[in-house]
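Peer 1: Next come the chains, spelled out residue by residue.
Number of protein chains: 2
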Amino acid sequence: MYYLDHFASGTDIGMENGMKTGIERRGWTQNPEAVKQDILSVAISEFASNGLSGARVDTIASRTRTSKRMIYYYFGDKLGLYTRALEAAYLKVREGEAALNLDHLPPEEALTRLVAFTFDHHKKNPDFIRMVMIENIHNAENLAASQVIRDMNMAAIEKLATICRRGEEEGVFRKGLDPVALHWQISAASFFNVSNRPTFSAIFGAGLFGDDAQECIRRQTVESILAIAAKSRVEPKITDRRSGCDVADAGD
Amino acid sequence: MYYLDHFASGTDIGMENGMKTGIERRGWTQNPEAVKQDILSVAISEFASNGLSGARVDTIASRTRTSKRMIYYYFGDKLGLYTRALEAAYLKVREGEAALNLDHLPPEEALTRLVAFTFDHHKKNPDFIRMVMIENIHNAENLAASQVIRDMNMAAIEKLATICRRGEEEGVFRKGLDPVALHWQISAASFFNVSNRPTFSAIFGAGLFGDDAQECIRRQTVESILAIAAKSRVEPKITDRRSGCDVADAGD
DNA sequence: AGCAAAATGATCGAGATAGTACATTTGGCC
DNA sequence: GGCCAAATGTACTATCTCGATCATTTTGCT
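These protein sequences, in sequence, are chains V and Z. Be aware that the first sequence starts at 196, since it is given in this note's numbering, and climbs by one per residue. Be aware that the second sequence starts at 196, since it is given in this note's numbering, and climbs by one per residue.
Simulated from the structure, these hints should not be mistaken for laboratory data. Certain hints may be false.
[Stated by the list, open to error] In silico SDA-like links for lysine to any residue, alpha-carbon gap of 20 Å or less:
no. : chain 1 : residue 1 : chain 2 : residue 2
1   : Z       : K319      : V       : N334
2   : Z       : K426      : V       : A425
3   : V       : K370      : Z       : A408
4   : Z       : K273      : V       : G249
5   : Z       : K426      : V       : L421
6   : V       : K273      : Z       : S248
7   : Z       : K370      : V       : A408
8   : Z       : K318      : V       : H333
9   : Z       : K318      : V       : N245
10  : V       : K354      : Z       : F399
11  : V       : K273      : Z       : R251
12  : Z       : K273      : V       : N245
13  : V       : K318      : Z       : N334
14  : Z       : K354      : V       : G400
15  : Z       : K273      : V       : S248
16  : Z       : K426      : V       : R414
17  : Z       : K318      : V       : A376
18  : Z       : K318      : V       : S382
19  : V       : K273      : Z       : G249
20  : V       : K318      : Z       : S382
21  : V       : K319      : Z       : N334
22  : Z       : K370      : V       : E410
23  : V       : K426      : Z       : A422
24  : V       : K426      : Z       : L421
25  : V       : K318      : Z       : H333
26  : Z       : K370      : V       : R414
27  : Z       : K273      : V       : K318
28  : V       : K273      : Z       : N245
29  : Z       : K370      : V       : D407
30  : Z       : K354      : V       : L403
31  : Z       : K354      : V       : K426
32  : V       : K426      : Z       : A425
Let's have the full structure, built from the sequences with the hints guiding it.
Peer 2: Now the structure itself:
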């Protein structure tokens, strides 16, 4: 099986064998990079659909323009392929996030956009969400081994930290905000909205995933996050010095 | 392999072979119910740990006081066992929830307790959470087939609906609150907190899962939910009639 | 052109795994 | 006690699945 030169630079990964790509056919040649990318994109889809144990190397191979031989040649074994696929999925998603530049916006506006963006972005990348779900099932053992992924996420936090700091300085956000905790809140809503859609729909119907209801949920999410970040409208009676959280009666 | 009479009524599922149970040994006998329960509890643990494809029937069998033969005898095949295990996991968790009686409390207090309870309860039942995660990976195909589970969840919503209605009537909650949407918000935080702990910890460290930080997150969650339910302190400029949500600028 | 290393093709094997066949024991009932 | 159906034990197999082996082609380089 052969590849067009620079096939890897094509964006339409899912095309059929023999489809035009818009790239000139200037002879055919070995193309290791394209082979790897081809394998990875198929692997992401397959692992995301069926999980680590559920995915079949043979199935991945057959959906590839290359052979199983190549999978083992480049990735060693199934777990190696999985790990690289996980990294690739992260990379692709973080790329999308990198385009978001919020530095010129006022902090509240920046945070609003960040939350809304994350919500939408997760929704547009279900395979990524599923990869993370699967990784959680496996106790993040493979992710823990990937320095690449940790670095990328720390970068994401930096962005949020910057917003928090600016907000504090301008006096619109409360002091001592923990960017990681805020990220947790943002992720919880955005992630759950995709990850648990199947069971939620099965039980309560698809209503919450229609356009109107999703719009509503997204807005609620944005507002909740902003409320957490904002200086409390009502002065808290006690402030927990350790975590910067308002301490109020929360039952039990 | 033989069973004590009424062994199924014992609460300590995880005990070793031959351990005392507090139940008098009054002879040994066939005990189909105990066998089924034994298999199910092992199955939940195994499926929760390794997923549907990752779980091994032989492993389940070996951790059971009975044999693989019995698994197929009572549950037909692996998928049958999985489905029953899923139901059993739901049942166990909903049982815990049923004990919660909130009808005598004022709506805000009831909602506060419900949220806090859900947060804690999910945390105490990671196997259940993992089963749901796995079911989501499989697009809820098996859950969809289980009427039992749908019924139980509808019951849970009823509880929330009652609180919402009372809150509306007493004028402390906004009108047109959607109990399912509220349930979504509660679940998102409570579920994510358990489901994504491994990846989150791997990336950002375990800090957020220490007692102090968890306390803080739980409180933030409670407050966010209450804020959503409460009548807005600031009158909304526009109200979306379809969903009952405030419409404000939420960015793109 | 010729050579060595990288890349790829075709086929096969070992072990794991779900599920089964057959035999045996137990327990309620007469 | 004897009988039959439910329950359980033992051993086996067909198949699926990962991974390896051996052979061949392509390519960069001199």
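Peer 1: Return the numbers of the hints above that this structure violates; sort them in rising order.
Peer 2: 9, 27, 31
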